[in-house]
Amino acid sequence: MNQKKKLIIGISGATGAIYGVRMLEILAKIEDIETHLVMSKAGRMTIQVETPFSVKDVEAMADVVHDISNVGASISSGSFRTEGMVIVPCSMKSMGAIAHSLGADLLVRAADVVLKERKKLVLVVRETPLHLGHLEAMASLTRMGAIIFPPVPALYQRPQSIEQMVDHTLARVLDLFAIEHALAARWQGAISAPDDE
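In our numbering, the protein residues as written are 1 to 197.
Certain hints may be false.
[Unchecked claim] Only pairs whose alpha carbons sit at most 27 Å apart, straight line, appear in this in silico DSS-like list of lysine-lysine:
(1) Lys119 to Lys93
(2) Lys93 to Lys116
(3) Lys6 to Lys41
(4) Lys56 to Lys41
(5) Lys41 to Lys116
(6) Lys6 to Lys120
(7) Lys6 to Lys119
(8) Lys4 to Lys93
(9) Lys5 to Lys119
(10) Lys41 to Lys93
(11) Lys4 to Lys120
(12) Lys41 to Lys120
(13) Lys29 to Lys120
(14) Lys120 to Lys93
(15) Lys116 to Lys4
(16) Lys56 to Lys4
(17) Lys29 to Lys5
(18) Lys119 to Lys41
(19) Lys29 to Lys93
(20) Lys120 to Lys5
(21) Lys6 to Lys56
(22) Lys6 to Lys29
(23) Lys116 to Lys5
(24) Lys93 to Lys56
(25) Lys56 to Lys116
(26) Lys56 to Lys5
(27) Lys4 to Lys119
(28) Lys29 to Lys56
(29) Lys29 to Lys4
[Stated by the list, open to error] Quick list of simulated restraints, FRET-style, between CB atoms:
(30) Gly189 to Ser101: 41 to 51 Å
(31) Ser77 to Pro129: 19 to 29 Å
(32) Ile147 to Ala42: 21 to 31 Å
(33) Glu31 to Arg186: 19 to 29 Å
(34) Ser69 to Phe177: 21 to 31 Å
Everything labelled a hint here was simulated from the structure, so no lab data went into it. Don't be surprised by glycine CBs; every beta carbon is placed ideally from N, CA and C.
Turn these sequences into a full structure, and let the hints guide you.
Written out as structure tokens, the structure reads:
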């Protein structure tokens, strides 16, 4: 019997495809996690524009790949046992569709199911600046139980590379799902602040 925890990974068309690719790389090394990947058409395009990976490379990192148009896939049902879903990155288009329960494709349908089943939905939203429609959709989703998680770099870690910034964000996402990792140092408290002069 498969005892692995299942986690749905969505990649939509916002900039920041490396967050989704890196998330799959990390989870592929964790034996007790089974990843179910669904990518939007724009997400597939962004991977090719922004990263050195092909779509096939990215799909090979997942345990199961679902076609965006297959709204009858296992992850579209409330009977699918999952720890939840993270959409990384999450475009404003996908976020708006989820906020309004517009399940026209599998990415949005799976997110809607995760919400209705009271599982964890984390949206790594990528856009700036935000207009009122974006903010209202975020507020609505938060009321529904989703977690809005912009990938804001933690500069107190003094990152030396983009990879370190990406890993720190993903470390925080994995924490939300109680998935053990060693991606980033944990804050141990501040040293004494210097006296103001």
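Violated constraints from the hint list, given by number and in increasing order: Those not satisfied are hints 8, 19, 25 and 31.
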